[in-house]
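Going down the list, the protein sequences come from chains A and B. Counted the way the working numbering counts, the first sequence spans residues 1 to 356. Counted the way the working numbering counts, the second sequence spans residues 357 to 670.
Incorrect hints may appear among the rest.
[Claimed, not checked] One-sided excerpt, in silico: chain B residues whose CB lies under 8 Å from chain A:
no., residue
1, 438
2, 442
3, 447
4, 453
5, 461
Think of the hints as simulated: they come from the structure by calculation, not from any bench. The beta-carbon is built from N, C-alpha and C at its ideal position, and this holds for glycine as well.
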Amino acid sequence: MAERTARSGRDEEAAASADRMGAEPRKATVFSLQQALNLALQHACEDDDRVLIFGEDVGELGGVFRVTDGLRTKFGTDRVFDTPLAESAIMGMAVGLALAGWRPVPELQFDGFSYPAIDQIVNQVARMHYRSRGTVAMPITLRLPSFGGIRAPEHHSESLETLFAHVPGLKVVSPSSPAEGYHLLRQSIADPDPVIFMEPKSRYWHRESFDPEAPAKTLPAGTSRIVRPGKHATLVAWGAMVARCVETAELAAEDGVELEVLDLRWLKPIDADGLAESVGRTRRAVIVHEAPLTAGLGAEVAALITERCFGTLRAPVQRVTGFDVPYPSGALEDEYLPSIDRILTGVQTVLEYRRG
Amino acid sequence: MDLRRLYRDMLVARRIDEEAIAMQRQGALPSYAPSKGQEAAQVGSAAALDLSRDFAFPTYRDLGAAVAMGVDLVGYLSTHLGTWHGGLYDPVASRFAPFNAVVGGPVTHAVGWAMGAKLDGTGGAAITYFGDGASSQGDVHEAMNFAGVYRLPVVFFCQNNGWAISVPTARQVAGGSVAKRAEGYGIEGVRVDGNDVRAVYEATRQALRSGQPVVIEAMTYRMGPHSTSDDPGRYRTLDEERAWAERDPLLKAAAELSRDELDEAEAHAKEVTRQVREGLLALGDRPGEELFDFVYREPTKALLEQKEAWRANG
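With the rest of the complex left out, here is chain A:
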């Protein structure tokens, strides 16, 4: 079920987690997503000495997005190390390390660089547990800077969630905010199965105040989150598109249209019940993603909604997505990505739809 923003038991959680460094619960601090992810990696390394962090330029440099900044100094070159520039071997090495009882957290530098590693990810990482009849676990978290919006060169702005979500044995998640990033990364690393952790690179520098020490909360695989409640339609999004949907909802609210924004966050397994609960109330849904339209994850989400809410839907589910084109150069990026205007058009379509 979708987790509500207003949570109960917050005080209990805070008290229960005052353990780290034996201090009083710290007050909320402002973190960027990049800093929150960095902290999550740091805490994961502190809590479990089997966690290993590796990839291209993650050591001395701290990663091209600085997500691993300072970790090599803190944990040493045995646990945080640079690899030669070969994505397939990075993932193959992760398989071997997992087999030897380690908990690998590799980084592939950019989404588009995961293609050379697809054989290892699909044929090995995703299948080893199945192939070995459950005797070999693959607790691998692949950190993958993902999606567009930063005027990057070719192959640096891909949205690969459908590709990975289609592979049995993988879990796929994408955080939409610093707090989400922190907790979802902790959860992913703790997960006993392989997780593709898609970091929305256009949100790395977005800042938010939260207290990473306080919540002992986890965000288990298959949960979603209602970011903004509403009653006229549900916007379903993940990663960087969540913030864009919230912006859209704020604009729509000025015209008296109350849009609910559901952050799907786990793209496999998907929170079908949470989707049904929200759309069951609002009776209209617009799915927003950066990936191309055809066979994108929006199609799966639309099918789940239709299967569960057909009787109550007031309009066909709409999809506002990237186009069926290769991800374009920076000059055309804004034409490609779902804009607030395009999302509003999708909303208008579901609101104005009349049968027959």
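Chain A is already provided as a structure; the job is to place chain B on it using the hints.
Same frame as chain A, now just chain B:
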């Protein structure tokens, strides 16, 4: 290492190989990848492992290694029976990675495993099996480079058996030698007579205990077809096959053993083969539920729903 033990294991592999082909012809086994001719390379290398700390990453044609390592052979052959892709043996307890049909990819796993062993300070080494065909894969290059950069205890054991299905080594391996490529990675590379079980054993033992990456290219010959679906008559000559038959690794080892020792080995192999055949025929199919059971540590809700739907239609 006692040659009698090595010969015994080689003969077990040979007899099971013959039995598996017979079972395939009888329709009891859907397909099989014969290892005939490569027993010395497989048994000699695997016998050199210290099973308390080393680990092997096999290909789909490493029956001899499984025999020498004491892997449950019914479990190993169950993959050919079509029971379960990875086999039914316990890979962790057996120190023998799940049966893997990807060519080249698993070589990188040995590098990761060796790094893990090095971090744990176990003194263990990984051995990864691959062939002359797999040596063309980018993953094999990447793996050797990684092992060279990190100085990891990995033995890259190439069985150069002359043929990658229908393509001969001359049209597969530029430069003509996989072992020579090691120099480019700053690691040791040696070529051994892959049909001399003691030479293979000795080279592998030294490599495993060196604590360093080593490429061993064992020159051998795939005496049978690539698989039971293959027809070598379309791409190689009988003369070539006859010439290699004279260098059969079992003949070479047998020449140094007594009649009694050979008879004892034959009786042992016959008994093991009988047990494996009976075990395979008695195995039966896996319960249908297992279709869903090992995808994740805990099944997802969607998978449980699919399992329920499958059950309802059963």
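Can you verify the interface hint for residue 461/B: is its Cβ closer than 8 Å to any Cβ in chain A?
Where the cut-off is 8 Å and the nearest Cβ of chain A is about 6 Å from residue 461/B, the hint holds.
Residue hint residue 442/B, partner chain A, criterion CB-CB below 8 Å
3 Å, holds
Interface hint status, residue 447/B versus chain A (Cβ within 8 Å)
Holds. Min distance 5 Å.
Evaluation of the interface hint that places residue 453/B against chain A, nearest CB under 8 Å
7 Å, holds
Any CB of chain A closer than 8 Å to the CB of residue 438/B?
The hint is violated - residue 438/B has no Cβ within 8 Å of chain A, the shortest such distance being about 14 Å.
Checked against the numbered hints above, the structure breaks only hint 1 and satisfies the rest.
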